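Novice: Sequence:
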Amino acid sequence: MDARLREGIRLFNDRQFFASHEVWEEFYLDSEAENKPFLEGLIQLAAAFRLFCDFGETKGPVRMVYQALIRFENYRPAFLQIKVAELCQAAEAWAKEAEAGATPSAAMPKITIQRLGWL
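The opening position of the sequence shown corresponds to residue 0 in numbering that gives the first Met the number 0, with each subsequent residue numbered one higher.
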């Protein structure tokens, strides 16, 4: 796994959404075309949760989460060692609660990495 992707995940999971967004944008610029839609989804999630956490916005972040989920469709269940299906499930649960007008009780999604085992 690229060190920038891993660092972005660490920052995202620590709720440092702006910093994760910046790291992933740098990685995006050097990435192959097949990875770009997936990375766009990660960048959108980071931007969405930054708007929610830092500025208290809800409508824009919910829309951005749903856009990210669309970008992730072709990358489930896992891609680049990231458990995409789990991330999507958590992000969608958060977005549905926020969309309903309630302060989401669903935890902010965390990105988990698939562990590769020995055969």
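No lab work stands behind these hints, which were simulated from the structure alone. Check each hint, because a few of them may be wrong.
[Unchecked claim] Here are the simulated distance ranges between beta carbons: (1) E56 - R114: 15 to 21 angstroms; (2) E31 - A99: 37 to 43 angstroms; (3) E91 - L28: 24 to 30 angstroms.
Keep in mind that this is a model prediction, so the values were computed, not measured. Don't be surprised by glycine CBs; every beta carbon is placed ideally from N, CA and C.
Novice: A separate judgement is required for each hint: does it hold in the structure or not?
Specialist: Now the hints, each set against the structure:
For the pair E56 and R114, the beta carbons lie near 35 angstroms from each other, so the given range of 15 to 21 angstroms is not met. Judged by the Cβ atoms, the range 37 to 43 angstroms given for E31 and A99 holds: they are separated by roughly 38 angstroms. Distance hint check: the CB atoms of E91 and L28 are about 28 angstroms apart, consistent with the given range 24 to 30 angstroms.
Hint 1 from the list above is the single one not met by this structure.
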